[in-house]
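Use these hints to put chain B with the ligands onto chain A, whose structure you have.
Top to bottom, those sequences are chains A and B. Take -18 as the starting number for the first sequence in the working numbering and just add one per residue. Take -18 as the starting number for the second sequence in the working numbering and just add one per residue.
To be clear, the hints were calculated from the coordinates, so they are not data collected in a lab. Certain hints may be false.
Just so you know, same-sequence chains aren't split out, so a pair can sit in one copy or run between any two.
[Said to hold, decoys possible] Each computed BS3-like pair below joins lysine-lysine, with the alpha-carbon atoms no more than 27 Å apart:
(1) 105 <-> 167
(2) 342 <-> 313
(3) 462 <-> 342
(4) 105 <-> 506
(5) 34 <-> 237
(6) 143 <-> 411
(7) 431 <-> 419
(8) 431 <-> 411
(9) 92 <-> 105
(10) 346 <-> 462
(11) 190 <-> 105
(12) 379 <-> 436
(13) 190 <-> 75
(14) 117 <-> 506
(15) 7 <-> 530
Protein chains: 2
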Amino acid sequence: MFIPALEGQADDKQKDKWLPMCRSYKVIGTYAQTELGHGSNVRGLETTATFDKSKDEFIVHTPCLTAIKWWPGNMAKTANHALVMAQLIIDGKKYGVHGFIVQLRDFETHKVRAGIEVGDIGPKFGINMVDNGFLKLNHVRIPRENMLMRFAKVDADGTFSKPNHSKLSYGTMVFVRATIVDTCYKYIARAVTIAVRYSIVRRQFEPAKNQPETQIIDYQTQQFKLFPLLAAAYGMFFVGKEMMRLYQLNNEKLQKDDVSLLPELHALTSGWKALTTEIACAGIEVARRSLGGHGYMVFSGVINLFQDWVSSQTYEGENTILYLQTARYLLKSLQRAVVGKKITGSVSYLGERGMAWVEEKCAAKSPADFSNPSVILHAFQHRAGRMILTIAQALQQKISEGADLQAATGSFSVDLVSAARAHSMYTLLKTYSDSVEKLPETTSDLVAVKQILRKLFILMGSYYIETESGDFLYDGYMNGKHVQMVTDLGRDLLSQIRPEAVALVDGFDFHDHFLNSALGRYDGKVYSALLEWARESPLNNSDIGPGVKEFLLPTITHGGEVRIVSRM
Amino acid sequence: MFIPALEGQADDKQKDKWLPMCRSYKVIGTYAQTELGHGSNVRGLETTATFDKSKDEFIVHTPCLTAIKWWPGNMAKTANHALVMAQLIIDGKKYGVHGFIVQLRDFETHKVRAGIEVGDIGPKFGINMVDNGFLKLNHVRIPRENMLMRFAKVDADGTFSKPNHSKLSYGTMVFVRATIVDTCYKYIARAVTIAVRYSIVRRQFEPAKNQPETQIIDYQTQQFKLFPLLAAAYGMFFVGKEMMRLYQLNNEKLQKDDVSLLPELHALTSGWKALTTEIACAGIEVARRSLGGHGYMVFSGVINLFQDWVSSQTYEGENTILYLQTARYLLKSLQRAVVGKKITGSVSYLGERGMAWVEEKCAAKSPADFSNPSVILHAFQHRAGRMILTIAQALQQKISEGADLQAATGSFSVDLVSAARAHSMYTLLKTYSDSVEKLPETTSDLVAVKQILRKLFILMGSYYIETESGDFLYDGYMNGKHVQMVTDLGRDLLSQIRPEAVALVDGFDFHDHFLNSALGRYDGKVYSALLEWARESPLNNSDIGPGVKEFLLPTITHGGEVRIVSRM
Ligand SMILES: Cc1cc2nc3c(=O)[nH]c(=O)nc-3n(C[C@H](O)[C@H](O)[C@H](O)COP(=O)(O)OP(=O)(O)OC[C@H]3O[C@@H](n4cnc5c(N)ncnc54)[C@H](O)[C@@H]3O)c2cc1C
Ligand SMILES: Cc1cc2nc3c(=O)[nH]c(=O)nc-3n(C[C@H](O)[C@H](O)[C@H](O)COP(=O)(O)OP(=O)(O)OC[C@H]3O[C@@H](n4cnc5c(N)ncnc54)[C@H](O)[C@@H]3O)c2cc1C
Ligand SMILES: [Ca+2]
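So that you can see chain A by itself, here it is in the shape it has in the complex (with noise of 0.2 Å):
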């Protein structure tokens, strides 16, 4: 975060100050935002950066204890700089949150330098290898050009200059929330990659006397675990995929001053972070489950992919608050359509056919009807709209009724959450049927591969529909024949994945380093991997345990009774 922050906004001068040093990682800098009091309400943050004219030096400073900064990156042992945001003060006026190059560390000692406190936050669920850290500054001095200036300005005689556009900074926001949605594929890959392999391995029960035990794999439960979610996982491929391009294109963009993208790709990014860690962390978890006892081994593989994503959902943007942000852009966006203006990008369903979507029905006569992408596109899109719309018009009744916006908003909030999270899985599942439908069929080989992936494209989208079937009865958009359909299909699928299981994920193409699995190698020799590691596990370097001689052995020799004397 560091340096995407000095790229995005940092002015030139900066950049050629800093970036060189940062690139030989001469300066190794954490990206100081949150602090023990405020994290997701970063205008509430309370550390200040005042500005002394006399001395042309800001002074950062933690004014009480919840001013203390936390969580930063590499803070506590690694990085010898910071960029603090803090109030911007000058003359006794605050001007916002704003960033604050701060040198923590000696360069050439890498002792922490006077005024300030750095220490450790302590142990983890996970990524206990990162250092996050806390800062105390004590009047820590840093000289003016040490204020990131690219947007907003103070020159030396203490006058305060506005950026632009308000949302300019927002650049470094959508970086960092995009390459975490194209990160998702890759943790929910491994999971499923390790519990397929290991569930075409791992047999239990005989379907009758005297024959084989049956792999776990062909139990319809166990594929209903894995199949939908390494359906998922190829659709986070292609979304992370997606995603970066609307990046790209947006940067360029912005290096034009162009701003017409931003609010559009700040809300898509917003809900699809918040779905696809979502969908990952969750299906990390159905997947180290499916594996059965072995799946609490940390040999496994399964534990660390969630320990360490599971935070994904809150970093970055807390999940609940970035739906609640798309669902804002998105009752904006239909209030726009309903007086028949014209809406684009991503919110441009809610407008079209002159909103008669609302009044639409599900098409579907049988089954195989849901096996047009068209059909499951077309329910999801209808789930949003309709979600949107019924929060739109009972708002609209409460504050005719005298109520306040923002409380009768509140009172909606749980409603909001759910139609931003329908929003975002309409546009996922669209993004992922077009990446599908747009690949080629020069050859056979490509023919088949692209039928297998409008599979999972349709399985993903039955599974969601079957198991959140409220939302596409409630207004009668389906009735439950229709659910029974989609079910049935979902089932069939099933058996239609089931041969192509291992090819999908070996297509991942993990390699046994990268897995660190004792139950998904490729080779699928699980169980002599299990004592192998175990055997070198340090537990089992001594026969003897830690502490049996001082106090199990008494116990087992005198009898409960036993007095242990404390050596402390």
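Relative to the frame of chain A, chain B with the ligands by itself:
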């Protein structure tokens, strides 16, 4: 498990010999059932116990890699005896799986005995203070008396005699599952206590300029995350109590060789174990995420709850398999109901009113109608019955078309899991409501307590109707208006529970020491606790972190090009 298994499966003479040694900690036992290759399928275990008549001994042996015992708790370093479940072989004939006591380590030296390899299976997701072990036996001889002989017996001339009832040995299994159901509450309640307390202290975002920031517990989305879990925690408390009562009742009957309660109790414990652990584990993670970034810290006190308890979904019967077992019982019970036979216990509703429930519709006319417990319970009862009936009819159809019963059943296994879960949820909610309605109303305080508990019950019910509404809409039992009513009621209940939330978590009466959470402190001083705990973290003993001098400083001083000379 070692002691409960002895109590359940040893004969009186064996109990007299072993239990006193267990109670004085001379014998430290482990229950060694699971093997590398077999967990769920106990009949498939490969460890053998072959009777040697000439010596009146059994030879216990690990014949292959997959027969290595894997997982038994405390087996690696602590236990000196194991109850080894093995295939009994007499004169070359197999007699099924039975329990054999094998001494693993010497009483005096705690050294591993001849013919035995025992070790730690390696790091796990949680409960790493338990040394789960592996065990390889090389023709280890034990006296004949070491086979547990309460039910099946082998006498000195090698004659095998069967137990009276094939189901008698279910007793231990039922006990352990009942205990898990009773324990669930402690986990979910701790997570909710921490999350509610922190949500009172944590403030984020000003509702309007210059107003104090909002306590996050006042956001509807936050209430929707936490209050249904609070409701579930109280529900599990009552369900756990009822579970143990039924277990005791069954035990008294078993003493008199009366097995009439066993099938019912087995189905109920299986379903409840699966559902309570599912709700508790998913709920802990929801509560953890509701803490924002600080929930990712071990100091939150929620991480360990998830890591330790998440395996409860897998051990003592993997949840999917448990649901499938419950489903089999439901299908059988329904078949009896269809032909007009009487069915009792938790499934009795399937036969009620001559099965008129099939056609019944939801009677609610307004949101308030759903605050009647019987309206909520009727909905869950109908859903469960309808799901089972739908599968039974579809199965019959398939079989009448010539399908094989087992294959046909397998093709509905996803639906069977859903039906068993729906049944378990109905019986759980029924027990919750019955327990609340039984509470005394002798003082105004007791009346108030009963009222708020009833609200929690209704909230839990309305939450699941809303989030699983498709199941209630599928056959027209409800329509969209009903779902909207129950949703409106649910939102209203969130506001009603808000002022009681702190008292409700204080009611669990967990002490700070037991919660071990910087965020869930009774005194609310979360930020100073985080800072204090972090400062005491071992990583903060020295300013310069590990590896800085050797690796980081050379890089900073000479740039990223420096070659680090390996010290290996
Ligand atoms: C692994 C990890 C690495 C991190 N790395 C960095 C880093 O390098 N640099 C850095 O500066 N920070 C970092 N962070 C901090 C991170 O960015 C914040 O924790 C994150 O933004 C969430 O904010 P919060 O903790 O304030 O959550 P909160 O906002 O306190 O969220 C708590 C709860 O309140 C709810 N809530 C809050 N506001 C609202 C609202 N308006 N409406 C409805 N609900 C609301 C949330 O939904 C959530 O349920 C890191 C965090 C983690 C976990
Ligand atoms: C923390 C922990 C402690 C333990 N302690 C002990 C102990 O003290 N002693 C001991 O003996 N054991 C112990 N165990 C082992 C535990 O009892 C087993 O791991 C558990 O019973 C699950 O069995 P499994 O591993 O064979 O899972 P599997 O049966 O291999 O399950 C893997 C997957 O296959 C699916 N599956 C399997 N069969 C079917 C089917 N028929 N239909 C549909 N799906 C199916 C499951 O649903 C699951 O998704 C422990 C395990 C853990 C995690
Ligand atoms: Ca649902």
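These are the hints, each one checked on the structure:
In the homo-oligomer, the alpha carbons of residue 105 and residue 167 lie at most 27 Å apart both inside one protomer (22 Å) and across protomers (23 Å), since each shortest distance falls under that limit. For the identical chains of this complex, residue 342 and residue 313 are intra-copy neighbours only, at 25 Å inside a copy versus 39 Å across copies, given an alpha-carbon limit of 27 Å. With identical chains, the CA atoms of residue 462 and residue 342 are at most 27 Å apart both within one copy (13 Å) and between copies (18 Å). Within a single copy, residue 105 and residue 506 get their C-alpha atoms only as close as 33 Å, which misses the 27 Å cut-off; across copies the closest is 20 Å, which meets it.
For the identical chains of this complex, residue 34 and residue 237 are neighbours neither inside a copy (34 Å) nor across copies (92 Å), given an alpha-carbon limit of 27 Å. In this assembly of identical chains, the alpha carbons of residue 143 and residue 411 never lie at most 27 Å apart, being 39 Å within a copy and 62 Å across copies at closest. In this homomeric assembly, residue 431 and residue 419 come within 27 Å of each other (Cα to Cα) only inside a single copy, at 9 Å, whereas the closest approach across copies is 61 Å. When the C-alpha separation of residue 431 and residue 411 is checked against a cutoff of 27 Å, the pair qualifies only within one copy, where the shortest distance is 16 Å, while the shortest distance between copies is 50 Å.
Only within a single protomer do residue 92 and residue 105 lie at most 27 Å apart by alpha-carbon distance; the minimum there is 25 Å, versus 37 Å between protomers. Taking identical chains as interchangeable, the C-alpha atoms of residue 346 and residue 462 lie at most 27 Å apart whether they share a chain (9 Å) or sit on different chains (25 Å). Taking the shortest alpha-carbon separations for residue 190 and residue 105, neither the intra-copy value of 49 Å nor the inter-copy value of 35 Å comes in at or below 27 Å. Taking the closest pair of Cα atoms, residue 379 and residue 436 come within 27 Å of each other only across two copies (26 Å); inside a single copy the shortest separation is 44 Å, beyond that limit.
For the homomeric pair residue 190 and residue 75, the shortest alpha-carbon distance between copies (14 Å) is at most 27 Å, but the shortest distance inside one copy (79 Å) is not. When the C-alpha separation of residue 117 and residue 506 is checked against a cutoff of 27 Å, the pair qualifies only between copies, where the shortest distance is 19 Å, while the shortest distance within a copy is 51 Å. In this homomeric assembly, residue 7 and residue 530 come within 27 Å of each other (Cα to Cα) only across copies, at 14 Å, whereas the closest approach inside a single copy is 51 Å.
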